[in-house]
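Sequences listed follow chains A and B, in order.
The C-terminal residue of the first sequence carries number 302 in the working numbering, and the numbering is unbroken.
The C-terminal residue of the second sequence carries number 1553 in the working numbering, and the numbering is unbroken.
It is possible that part of the hints are untrue.
With a straight-line cut-off of 27 angstroms between C-alpha atoms, the simulated BS3-like cross-links for lysine-lysine are [said to hold, decoys possible]:
#, chain 1, residue 1, chain 2, residue 2
1, A, K242, A, K207
2, B, K1537, A, K244
3, B, K1537, B, K1466
4, B, K1537, A, K226
5, A, K207, B, K1537
The set of hints was computed from the structure by calculation and includes no laboratory data.
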Amino acid sequence: MALTKAVMAEKLFNEVGINKREAKEMVDLFFEEIRLALEKGKQVKLSGFGNFDLRDKSERPGRNPKTGEEIPISARRVVTFRPGQKLRARVETYARTNKH
Amino acid sequence: MTKSELIEAIAEKHNHLSQKDIELSVKSILEQMVQSMENGERIEIRGFGSFTLHYRPPRKGRNPKTGEAVELPEKYVPHFKPGKELRDRVNKGSRGKRQR
């Protein structure tokens, strides 16, 4: 089962002891504040987890995969996630215990 | 933006909760995310993005100091795919300057 906002809020209710409405708001705000920072062009660095970085891409040639027609892919800013050392280390070992 | 700045930003909008509850909540959310990836489980946050694991097969590497060949075991690495809302908002925001 995937981890979702609903699962996260339920856990906050059980562990932190805030009420369900507050827990839901908290989870929403957590992701919204990260989006707002990135939207403003700020990198987000969460120690023990990883960094959300921004990259400015220049225009490059592309193709419509259906028609084969050439169309330029416009310049854009994209978000990339760079997992931190601690997260990498904890995830790596999954290969030795399980298989997808 | 760092983890403590994220906590402050949430506190400004969620002013009926104590700083301590917000801090505990942010740490709990991040720990839940790490644990879920550690267990090979995906994370799906609509409008933000999804985190999955990507498999890296075993490969032969070299110790850069001694030049000696070493077997690097298979592993998983965390991967983030930004959701549509995050992609659109970051790209629209790119008319402003990037901050560090």
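Results for each hint:
1. K242/A <-> K207/A: 24 angstroms, holds
2. K1537/B <-> K244/A: 19 angstroms, holds
3. K1537/B <-> K1466/B: Cα-Cα ~25 angstroms, so holds.
4. K1537/B <-> K226/A: 21 angstroms, holds
5. K207/A <-> K1537/B: Holds: K207/A and K1537/B sit about 17 angstroms apart, inside 27 angstroms.
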